[in-house]
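A.B. asks: Starting from the given sequences, assemble the full structure and let the hints guide the process.
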Amino acid sequence: MIRRREPMKRAMTFLAAALAWVAVAPTSAEEVAMYGGSPSRNMVSSETGLPGNWDVDTGLNVLWRQPAGSQSYAGPVVAGGRVFIGTNNEGQRDPAIQGDKGVIMAFAAKDGEFLWQSVHDKLPDGRVHDWPLQGVCSTPTVDGDRLYYVSNRAEIVCADTEGFRDGENDGPVTDETPATEISEDVLWRLDMIGELDVFPHNLAAGNPLVIGDLLYTVTGNGVDEGHVNIPSPLAPSFLAVDKTSGEVVWESDAPGLHILHGQWSNPAYGEAGGRAQVVFPGGDGWLYPFDPQSGEPIWKFDCN
Numbered sequence: 000m001i002r003r004r005e006p007m008k009r010a011m012t013f014l015a016a017a018l019a020w021v022a023v024a025p026t027s028a029e030e031v032a033m034y035g036g037s038p039s040r041n042m043v044s045s046e047t048g049l050p051g052n053w054d055v056d057t058g059l060n061v062l063w064r065q066p067a068g069s070q071s072y073a074g075p076v077v078a079g080g081r082v083f084i085g086t087n088n089e090g091q092r093d094p095a096i097q098g099d100k101g102v103i104m105a106f107a108a109k110d111g112e113f114l115w116q117s118v119h120d121k122l123p124d125g126r127v128h129d130w131p132l133q134g135v136c137s138t139p140t141v142d143g144d145r146l147y148y149v150s151n152r153a154e155i156v157c158a159d160t161e162g163f164r165d166g167e168n169d170g171p172v173t174d175e176t177p178a179t180e181i182s183e184d185v186l187w188r189l190d191m192i193g194e195l196d197v198f199p200h201n202l203a204a205g206n207p208l209v210i211g212d213l214l215y216t217v218t219g220n221g222v223d224e225g226h227v228n229i230p231s232p233l234a235p236s237f238l239a240v241d242k243t244s245g246e247v248v249w250e251s252d253a254p255g256l257h258i259l260h261g262q263w264s265n266p267a268y269g270e271a272g273g274r275a276q277v278v279f280p281g282g283d284g285w286l287y288p289f290d291p292q293s294g295e296p297i298w299k300f301d302c303n
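For the sequence shown, counting from 1, position 299 maps to 298 in numbering that gives the first Met the number 0; every step adds exactly one.
Quick caveat, the hints were computed from the structure, so don't treat them as lab data. Hints may contain errors.
Cβ-Cβ distance ranges computed for the label pairs, FRET-style [to be verified]:
1. N168 / E246: 20 to 30 Å
2. E270 / D174: 33 to 43 Å
3. R188 / S44: 28 to 38 Å
Ideal Cβ positions, reconstructed from N, Cα and C, are used throughout, including at glycine.
C.D. replies: This is the structure in structure tokens:
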């Protein structure tokens, strides 16, 4: 079912710049601002002359290295002279922040300087919604000076790529705590559990796709800890959100009662037959392409 919304208010892992291509061509290296490098998610790069091997211990073909957390399932993105990656809080960048958290870290691409981090508390329901030590598993997307990702708390977050290092607290969210030079500057967040009744299984981990004015993501809606019951079959599995305000533009619960487990894959964008389409992978094993603006279903394909 498609629902169109009317506007409303609302042990250490090392990040090595093996990202080595940054060292090979620092002035012309292709930016990778989203998962897959492009809206098609085709994982193809136009870079040439890359080193065929590298060694973190000896520094061979490595520009820099930095500790992240103990686990990092999200991929790094590189845009605007910065590297962003999701991880957990085992890296302890801020000694005042203790315990298991979801974290996004920002580094300078040229030399690996740590810039700032986002920190998210764990959800109270435990591993059914927010598996221990997984951190933020969403690969972020950079669009201009905005960073988008899905937190471990199943929030879609829009942040300033500069954090608070620019000396500004961009709104409408202005109550970030702490609000130091190494903290995240949030513009808006959409709580998919509280506002949309999404029930993420183990962890929400969508990698946002930004096309024009809209952001698309899979919500992570899934089964409960018994792996049979679907607590929220009418909650959206797929979302289109206004990237500026965070307002939901349209949503779909197409997989509904047929979700097999969880939903952790990601939408892709392209044209077929001269028509733009955003293609969502459903947790029922089907592909669901939609009109990007209206959310109208175009076709579907059973991959089972």
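A.B. asks: For each hint, tell me whether it holds in the structure or not.
C.D. replies: Hints, one by one, checked against the model:
{"no.": "1", "hint": "N168 / E246: 20 to 30 Å", "verdict": "21 Å, holds"}
{"no.": "2", "hint": "E270 / D174: 33 to 43 Å", "verdict": "42 Å, holds"}
{"no.": "3", "hint": "R188 / S44: 28 to 38 Å", "verdict": "32 Å, holds"}
The structure is consistent with each of the numbered hints, conforming to all of them.
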